[in-house]
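Residue numbers (my numbering), protein chains in the order written: chain A, 1 to 300; chain B, 301 to 600.
Some clues are possibly wrong.
Unchecked claim - List time: in silico DSS-like cross-link candidates among lysine-lysine, alpha-carbon distance up to 30 Å:
hint : chain 1 : residue 1 : chain 2 : residue 2
1    : A       : 112       : A       : 19
2    : B       : 570       : B       : 329
3    : B       : 372       : A       : 286
4    : B       : 491       : A       : 191
5    : A       : 52        : A       : 270
6    : B       : 586       : B       : 352
7    : B       : 361       : B       : 319
8    : B       : 586       : B       : 303
9    : A       : 52        : A       : 191
10   : B       : 412       : B       : 374
11   : A       : 112       : A       : 130
12   : A       : 286       : A       : 191
13   : A       : 3         : B       : 491
14   : A       : 286       : A       : 270
15   : A       : 74        : A       : 112
16   : B       : 491       : A       : 270
17   : B       : 319       : B       : 412
18   : A       : 191       : B       : 430
19   : B       : 586       : A       : 286
20   : A       : 270       : A       : 29
21   : B       : 386       : A       : 19
22   : B       : 586       : A       : 191
23   : B       : 303       : B       : 319
24   : A       : 74        : A       : 130
What the hints assert, rightly or not - Stretch-level coverage of chain B by chain A, calculated; a stretch enters the list once three of its residues show a Cβ under 8 Å from a Cβ in chain A:
hint : segment
25   : 325-334
26   : 421-434
27   : 503-515
Simulated from the structure, these hints should not be mistaken for lab results.
Heads up, the beta-carbon is just placed ideally off N, CA and C, and yes, glycines get one too.
Protein chains: 2
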Amino acid sequence: MHKIILHEVGPRDGLQMEKETVPLEFKIKWIQAGMDAGIDIVQVGSFVNPQKVPQMADTDKLCAHFMQPGMKPKAVILSALVLNEKGVDRGMACNVEMFCMGVSASETHSRKNTGMGISEALTRIIAMAKVVQAAGKKVQVSVQSAFGCGYEGAVPEGRVIEIVGRYLEAGVRAISLADTAGHATPDRVEKLFAALRQLDDQVECACHFHNTYGLGLANCYAAMRAGVGYFESAFAGLGGCPFTAVAGGNVCTEDLVHMLQHMNLRHDVKLEELTRIAADVSRFFKRELLGVVYNTGAIP
Amino acid sequence: MHKIILHEVGPRDGLQMEKETVPLEFKIKWIQAGMDAGIDIVQVGSFVNPQKVPQMADTDKLCAHFMQPGMKPKAVILSALVLNEKGVDRGMACNVEMFCMGVSASETHSRKNTGMGISEALTRIIAMAKVVQAAGKKVQVSVQSAFGCGYEGAVPEGRVIEIVGRYLEAGVRAISLADTAGHATPDRVEKLFAALRQLDDQVECACHFHNTYGLGLANCYAAMRAGVGYFESAFAGLGGCPFTAVAGGNVCTEDLVHMLQHMNLRHDVKLEELTRIAADVSRFFKRELLGVVYNTGAIP
Numbered sequence: 001m002h003k004i005i006l007h008e009v010g011p012r013d014g015l016q017m018e019k020e021t022v023p024l025e026f027k028i029k030w031i032q033a034g035m036d037a038g039i040d041i042v043q044v045g046s047f048v049n050p051q052k053v054p055q056m057a058d059t060d061k062l063c064a065h066f067m068q069p070g071m072k073p074k075a076v077i078l079s080a081l082v083l084n085e086k087g088v089d090r091g092m093a094c095n096v097e098m099f100c101m102g103v104s105a106s107e108t109h110s111r112k113n114t115g116m117g118i119s120e121a122l123t124r125i126i127a128m129a130k131v132v133q134a135a136g137k138k139v140q141v142s143v144q145s146a147f148g149c150g151y152e153g154a155v156p157e158g159r160v161i162e163i164v165g166r167y168l169e170a171g172v173r174a175i176s177l178a179d180t181a182g183h184a185t186p187d188r189v190e191k192l193f194a195a196l197r198q199l200d201d202q203v204e205c206a207c208h209f210h211n212t213y214g215l216g217l218a219n220c221y222a223a224m225r226a227g228v229g230y231f232e233s234a235f236a237g238l239g240g241c242p243f244t245a246v247a248g249g250n251v252c253t254e255d256l257v258h259m260l261q262h263m264n265l266r267h268d269v270k271l272e273e274l275t276r277i278a279a280d281v282s283r284f285f286k287r288e289l290l291g292v293v294y295n296t297g298a299i300p
Numbered sequence: 301m302h303k304i305i306l307h308e309v310g311p312r313d314g315l316q317m318e319k320e321t322v323p324l325e326f327k328i329k330w331i332q333a334g335m336d337a338g339i340d341i342v343q344v345g346s347f348v349n350p351q352k353v354p355q356m357a358d359t360d361k362l363c364a365h366f367m368q369p370g371m372k373p374k375a376v377i378l379s380a381l382v383l384n385e386k387g388v389d390r391g392m393a394c395n396v397e398m399f400c401m402g403v404s405a406s407e408t409h410s411r412k413n414t415g416m417g418i419s420e421a422l423t424r425i426i427a428m429a430k431v432v433q434a435a436g437k438k439v440q441v442s443v444q445s446a447f448g449c450g451y452e453g454a455v456p457e458g459r460v461i462e463i464v465g466r467y468l469e470a471g472v473r474a475i476s477l478a479d480t481a482g483h484a485t486p487d488r489v490e491k492l493f494a495a496l497r498q499l500d501d502q503v504e505c506a507c508h509f510h511n512t513y514g515l516g517l518a519n520c521y522a523a524m525r526a527g528v529g530y531f532e533s534a535f536a537g538l539g540g541c542p543f544t545a546v547a548g549g550n551v552c553t554e555d556l557v558h559m560l561q562h563m564n565l566r567h568d569v570k571l572e573e574l575t576r577i578a579a580d581v582s583r584f585f586k587r588e589l590l591g592v593v594y595n596t597g598a599i600p
């Protein structure tokens, strides 16, 4: 019924806030295991300034490693986040297959994150997306803070729809709505994705939820109710800042797959492989992580 | 749109597995605070053998306390669980307003829990429900393990529908489906509650989910999609056995209310009061509990 696509963003969104730098060999091991488990797309990192985000400094190496012949299953797509033109050049140089990029629907978040307002950032992202598409690469554009912003609070739906409209006009149809702050509730998720469908029935919607307030899986289900089958999630529910009261991790990959499999979907994915990755990640960071199923095991 | 009813089962289902006995004064404080916060129904305990479940030994005292004139807001209903005829007598003696009782849809769970098979237990429960109704009291009947069983695995939907049919035949319309093991997934929740509606459009459905595999709030949303607005939940997500790998707590009351309020429902409930209860419960047990919002605070 639903075509489900799993985009593992743990190596990027899951790790970028972690203070302890993960050695390249661990990243390779976790990414490899995710590919072997049956994940469709893996976001290995982001092409940002290594001085600013040391955790992402090895993104070029990771891409180069997995793009060597025979180093990944052919069906698996390697993605990376790019923030600017320099990132696009780096991604091209190491042959990454899919470029992810986006703008925030919150003016404040956009300025804090990129130094640009929404309008300027959007123009720039659209230009980048066109370059990437022209080069024959896959591109996914996102709207960050699509369901609310930690700085601004509520984000008007109209603003999200306007940004998506601009993406569609530019000929980019793979669009992700990211709930950066974890403010989404399932009713609004259904409503907003339904509105996107109305804009263009060829739009390929992805959803990217954070579990800050425990609503991640409820929001994933709501997205499915609106016809969305493309999920971005992170192993062990990693993500967000571990040093604040608000442990705003991503939706946990293995918990999501567990739910999907008990909804009779994606039985091809090896859940046990995924829980083993989560357990290994937990051992690496020497703490309990937010995922549930790697602790409890699956429903028997 | 939705009429929402909140039934706090923390003092019963939340506490019954806790080894450390909670003094009467703490229970009174937590229950009082829940009533003040705007909870509609509070399940104060169960009329079971105090030797077998010492944590529930003060249920009669709690009922008697809150049924004194002026000790609770008039709109709040006091409920308790009864397992047998003796429990009904005790409930009548201390004037409890609502009697909750049920049978399991799993033969194994039924026998382990009551020493009776489903059929015998059902006959007995229906007879008890009629006695309670005849005495002018409210009654709610439930189907436990309605979405799967830790012993038997999958539970056929047909069996749940059959039990509900028997309840309806007997003239009992307040029916709760309890996911005792936490096996429910949102698709099946929608399907099963929709099927119940088809049996009788006057049925008053309640849902009772456990968060064992992280699916509690997703299941609550799915129940809402099927027209259910009556939720049973426990403060701080308490419940289940804390000494196993599977921390199968109830859906957390304050997390549920938080979700509902961000869906523009039940703004009358004082969320901050509820998070204060959860924080106090956490201090009492000297451990972090499963609720999220008592730690993070609400979405700003």
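Okay, the hints, checked on the actual structure:
1. A:112 / A:19: holds (20 Å)
2. B:570 / B:329: At roughly 16 Å apart (the allowed maximum being 30 Å), residue 329 of chain B and residue 570 of chain B satisfy the hint.
3. B:372 / A:286: violated (47 Å)
4. B:491 / A:191: At roughly 21 Å apart (the allowed maximum being 30 Å), residue 191 of chain A and residue 491 of chain B satisfy the hint.
5. A:52 / A:270: violated (36 Å)
6. B:586 / B:352: holds (25 Å)
7. B:361 / B:319: Holds, at about 20 Å.
8. B:586 / B:303: Since the Cα atoms of residue 586 of chain B and residue 303 of chain B sit roughly 36 Å apart, the hinted pair is violated (cutoff 30 Å).
9. A:52 / A:191: violated (37 Å)
10. B:412 / B:374: violated (38 Å)
11. A:112 / A:130: holds (25 Å)
12. A:286 / A:191: Distance of about 40 Å is beyond 30 Å: violated.
13. A:3 / B:491: holds (20 Å)
14. A:286 / A:270: Since the Cα atoms of residue 286 of chain A and residue 270 of chain A sit roughly 25 Å apart, the hinted pair holds (cutoff 30 Å).
15. A:74 / A:112: Outside the cut-off at roughly 38 Å; violated.
16. B:491 / A:270: The hint holds at about 27 Å.
17. B:319 / B:412: holds (20 Å)
18. A:191 / B:430: violated (44 Å)
19. B:586 / A:286: holds (22 Å)
20. A:270 / A:29: Holds, because 16 Å separates the two Cα atoms, which is no more than 30 Å.
21. B:386 / A:19: With a Cα-Cα distance of about 59 Å, the restraint between residue 386 of chain B and residue 19 of chain A is violated, given a limit of 30 Å.
22. B:586 / A:191: Measuring from Cα to Cα gives roughly 41 Å; hence the hint is violated.
23. B:303 / B:319: violated (36 Å)
24. A:74 / A:130: OK: residue 74 of chain A and residue 130 of chain A at ~25 Å, within 30 Å.
25. 325-334: violated (count 0)
26. 421-434: Answer violated; 0 residues pass the 8 Å Cβ test.
27. 503-515: Coverage by chain A holds for the segment 503-515 of chain B (4 residues, Cβ < 8 Å).
The structure is inconsistent with the numbered hints 3, 5, 8, 9, 10, 12, 15, 18, 21, 22, 23, 25 and 26, although it conforms to all the rest.
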